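Undergrad: Its first residue numbered 1, the sequence shown is counted upward by one per residue in UniProt numbering.
These are computed hints drawn from the structure, not numbers from a lab.
Be aware that a few hints might be false.
[Stated by the list, open to error] Taking lysine-lysine pairs in the DSS-like style, the calculated list, with each CA pair at most 25 angstroms apart, reads:
1) K157 to K224
2) K455 to K371
3) K31 to K157
4) K448 to K527
5) K157 to K128
6) K684 to K377
7) K157 to K313
8) K455 to K580
9) K580 to K448
10) K684 to K648
11) K128 to K371
12) K31 to K313
13) K599 to K527
14) K539 to K527
15) K448 to K684
16) K539 to K393
17) K529 to K580
18) K580 to K648
19) K31 to K138
20) K488 to K393
21) K448 to K529
22) K580 to K684
23) K377 to K313
24) K138 to K157
25) K371 to K393
26) K684 to K599
27) K128 to K138
28) K488 to K580
29) K393 to K313
30) K377 to K599
31) K488 to K539
Since we're looking at a predicted model, the values are computed, not measured.
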Amino acid sequence: MNFDLTDEQEMMRDTFARFLDEHSSMVRVRKAQETDGFDPALWHGLAELGAFAMRVPEDAGGMDLGLFDAALLMEEAGRTLVSGPLAEALVAARLLGQLGGQEELLEAVIGGEAVATIAMHDAAQHTKQWIAGGAVAKAVIARQGSDVVLITPAAAKAEANLATTPIAEIDLAAGETVILGSGEEALALFAAALEEWKLYMSVALSGIGRQALQMAAVYAGERKAFGQLIGTFQGISHPLADLLCDVDGAKFLAWKAIRDIFDNSDEAAATISLAYWYACDAAARSVAQGLHTFGGYGLSNEYDVHLYNLRAKAWPLVAGDPALALEEAGRRLYAGETVPLPASGEVPLDFDLGDEARQVCAEIADLFATKVTPEQKARFHYSWEGYVPEVHKMLADHNLLFPGLPEHLSGRNITPYARIAAMGEMERQGYNTPGANVAAMVAMMIDKYGSDELKAEVLPRIVGGDVLCSLGYSEPSCGSDVFAAQCKATQLEDGSWRIDGTKMWTSGANLSSYVLMLTRTNPDVPKHKGLTMFIVPLKTEGVTVQAVHTFQDERTNITFYDGVVIPDSWRLGEIDGGTKTMSAALELEHGGGFSKVMKAMIEAAEEVTGELGILGEVRTQCRLARSVAHLWISDMLTYRAQWSSIEKKPNHAFGPMSKMYSSEKFLSDSRDLLDLTAPLSLSKREGAVALLNQCYRHAAGTTIYGGTSEVHRSMVAERGLGLPRTRG
Numbered sequence: 001m002n003f004d005l006t007d008e009q010e011m012m013r014d015t016f017a018r019f020l021d022e023h024s025s026m027v028r029v030r031k032a033q034e035t036d037g038f039d040p041a042l043w044h045g046l047a048e049l050g051a052f053a054m055r056v057p058e059d060a061g062g063m064d065l066g067l068f069d070a071a072l073l074m075e076e077a078g079r080t081l082v083s084g085p086l087a088e089a090l091v092a093a094r095l096l097g098q099l100g101g102q103e104e105l106l107e108a109v110i111g112g113e114a115v116a117t118i119a120m121h122d123a124a125q126h127t128k129q130w131i132a133g134g135a136v137a138k139a140v141i142a143r144q145g146s147d148v149v150l151i152t153p154a155a156a157k158a159e160a161n162l163a164t165t166p167i168a169e170i171d172l173a174a175g176e177t178v179i180l181g182s183g184e185e186a187l188a189l190f191a192a193a194l195e196e197w198k199l200y201m202s203v204a205l206s207g208i209g210r211q212a213l214q215m216a217a218v219y220a221g222e223r224k225a226f227g228q229l230i231g232t233f234q235g236i237s238h239p240l241a242d243l244l245c246d247v248d249g250a251k252f253l254a255w256k257a258i259r260d261i262f263d264n265s266d267e268a269a270a271t272i273s274l275a276y277w278y279a280c281d282a283a284a285r286s287v288a289q290g291l292h293t294f295g296g297y298g299l300s301n302e303y304d305v306h307l308y309n310l311r312a313k314a315w316p317l318v319a320g321d322p323a324l325a326l327e328e329a330g331r332r333l334y335a336g337e338t339v340p341l342p343a344s345g346e347v348p349l350d351f352d353l354g355d356e357a358r359q360v361c362a363e364i365a366d367l368f369a370t371k372v373t374p375e376q377k378a379r380f381h382y383s384w385e386g387y388v389p390e391v392h393k394m395l396a397d398h399n400l401l402f403p404g405l406p407e408h409l410s411g412r413n414i415t416p417y418a419r420i421a422a423m424g425e426m427e428r429q430g431y432n433t434p435g436a437n438v439a440a441m442v443a444m445m446i447d448k449y450g451s452d453e454l455k456a457e458v459l460p461r462i463v464g465g466d467v468l469c470s471l472g473y474s475e476p477s478c479g480s481d482v483f484a485a486q487c488k489a490t491q492l493e494d495g496s497w498r499i500d501g502t503k504m505w506t507s508g509a510n511l512s513s514y515v516l517m518l519t520r521t522n523p524d525v526p527k528h529k530g531l532t533m534f535i536v537p538l539k540t541e542g543v544t545v546q547a548v549h550t551f552q553d554e555r556t557n558i559t560f561y562d563g564v565v566i567p568d569s570w571r572l573g574e575i576d577g578g579t580k581t582m583s584a585a586l587e588l589e590h591g592g593g594f595s596k597v598m599k600a601m602i603e604a605a606e607e608v609t610g611e612l613g614i615l616g617e618v619r620t621q622c623r624l625a626r627s628v629a630h631l632w633i634s635d636m637l638t639y640r641a642q643w644s645s646i647e648k649k650p651n652h653a654f655g656p657m658s659k660m661y662s663s664e665k666f667l668s669d670s671r672d673l674l675d676l677t678a679p680l681s682l683s684k685r686e687g688a689v690a691l692l693n694q695c696y697r698h699a700a701g702t703t704i705y706g707g708t709s710e711v712h713r714s715m716v717a718e719r720g721l722g723l724p725r726t727r728g
């Protein structure tokens, strides 16, 4: 897996970024808007850096760089609101090089002496079109029936428009026309150019949206209201955190599309459509929220954020309604629509977990096929109630129960990526009980902080697959604020500890032998300093486990501890050092989400809509395609979190982003797909319908357990956008 750029790409991006910071500053952008929205000096500077030659074939005098290289430029162009039709010029220059016959014009375009652009619609059907850069273009490339033509437009005058960009409505029939190519091959090149434009626009819009959010975050970290920085209010910070996930997700969809093209994946064309649609929407919402954060000042011409608000709509709308791209994605996913795609060039991005990961997954799949009975599979469930002791033990015997743990605990020496794949494969097999995940966490903490007695008596039982462990963090009065725990541990004269109190949401306590408990050992210090961790046997006298059933078909528990006495040797870490002890659990965190169950839900919805005879309807395809976009973004956010953790890269709350985004989309999509398949979805009858029904109930909890979405939004706001610590 790789999210890194090559050294050459880093250098290229930094070069363009520095150039654009100086030559596409907001002062320069505003200056260009005083005329037609075009900056000739900027255009010449980009040409000198080789921008317009990037995608031109070498045999036509270009650099023949890849899609990803050009996408890096376009992200910086979005961030700095480049004054000119850059995305259109990139694809027009490539077309001129591919189709040939216009060497003099191509040289002028590459050199920044002439602007070439493209028409988005068939000129045989739409003679008058709005053209990006039309007010300054020397040449427009268009499809005209079965031909690809070069049109030298009649003089076009820029007119007032939304963002003062150099667009113009041009009568293409009135210009001088030269045929560049005819027939299937020429039309395929032009169609591929339009797909390339969608990718460039996607990353440019992501750049616009992210910059607007950054500007809003800076403002919110300086502006005070009611004596507090407004960035401390969740009403300000949480929407910005949500939108950061969206604009990053839009960019990653474009990255996925580029990699899909390189891999010749069947998903490539649909991913392009979804990236473009999603980026248009995400950028529009991001700039609006960014402007809103500034309050009344955001409406003032003196503040730059309004420029982003206007440009986020002006750039893509030259092609028409972005919602049509969602319909297009639906056809590409569900109606077999195909389209020529541009060549990708070299792509450093890699979202593959590797050969070892595939081998481990194949081994797990074989075990489930040959060692797990239908009766055992019937007991599988996403909750603790899906725990099957025989399967748990079988996985331990094959050193596959805890792939995320180091070799001396798991029994295997495999790469971190193979560990991630192994855990994902168990989810695909339906055996995704959280019991093993908690047991792995407890094993790690005992290994690091436990006494010799715990390591000899408890640890072998856990890693051998003989017992489960539960978590005793939450309490009725403190919820997600675990540092507010009041369950008391008092040290007795003989050094042992007496524990008194109540723990809430002790899931699996009815199945577990031990609970990892966070207790209050010192009430006279700041709350996060007076905590101590213990392992408590759940069969000890004084422990009561009371069932709490949820509408999700889950059982959790409330557990009561009344004078429970344990030896000091069952303490983990230092007295009052519970916060440090808890940090061991972070070693297992690579970021995660709910992609596997989202994928199963979408597949179930596809099956049910097929049965209902509505899969061919536009509304059905659009709603399924929207869920697919959310699934693929969830995948990409998770990949980034895993990669950054494993490779020790800077991590700006990437794990919380992946968990929060995927759980929220799982929740909203489960509602929508339940609606789409109604009234059949009301049934719990066995099969796909039951799964849709269950997903709707399951999704409600995913935004709560493992940290609520609100907690994760605060983490994203603080670590991802640099906002001050949030408050309600």
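Undergrad: Now tell me, hint by hint, if it's right for this structure.
TA: Comparing the hints with the structure gives:
1. K157 to K224: Outside the cut-off at roughly 46 angstroms; violated.
2. K455 to K371: 30 angstroms, violated
3. K31 to K157: 18 angstroms, holds
4. K448 to K527: 24 angstroms, holds
5. K157 to K128: 14 angstroms, holds
6. K684 to K377: 18 angstroms, holds
7. K157 to K313: 21 angstroms, holds
8. K455 to K580: The hint holds at about 19 angstroms.
9. K580 to K448: Since the Cα atoms of K580 and K448 sit roughly 11 angstroms apart, the hinted pair holds (cutoff 25 angstroms).
10. K684 to K648: Cα-Cα ~45 angstroms, so violated.
11. K128 to K371: 67 angstroms, violated
12. K31 to K313: Holds, at about 20 angstroms.
13. K599 to K527: 41 angstroms, violated
14. K539 to K527: This hinted pair is violated, its Cα atoms lying about 29 angstroms apart.
15. K448 to K684: 45 angstroms, violated
16. K539 to K393: 21 angstroms, holds
17. K529 to K580: 9 angstroms, holds
18. K580 to K648: 20 angstroms, holds
19. K31 to K138: 22 angstroms, holds
20. K488 to K393: 35 angstroms, violated
21. K448 to K529: 20 angstroms, holds
22. K580 to K684: 45 angstroms, violated
23. K377 to K313: 51 angstroms, violated
24. K138 to K157: 13 angstroms, holds
25. K371 to K393: 11 angstroms, holds
26. K684 to K599: 19 angstroms, holds
27. K128 to K138: Holds, at about 17 angstroms.
28. K488 to K580: 18 angstroms, holds
29. K393 to K313: 57 angstroms, violated
30. K377 to K599: 19 angstroms, holds
31. K488 to K539: 19 angstroms, holds
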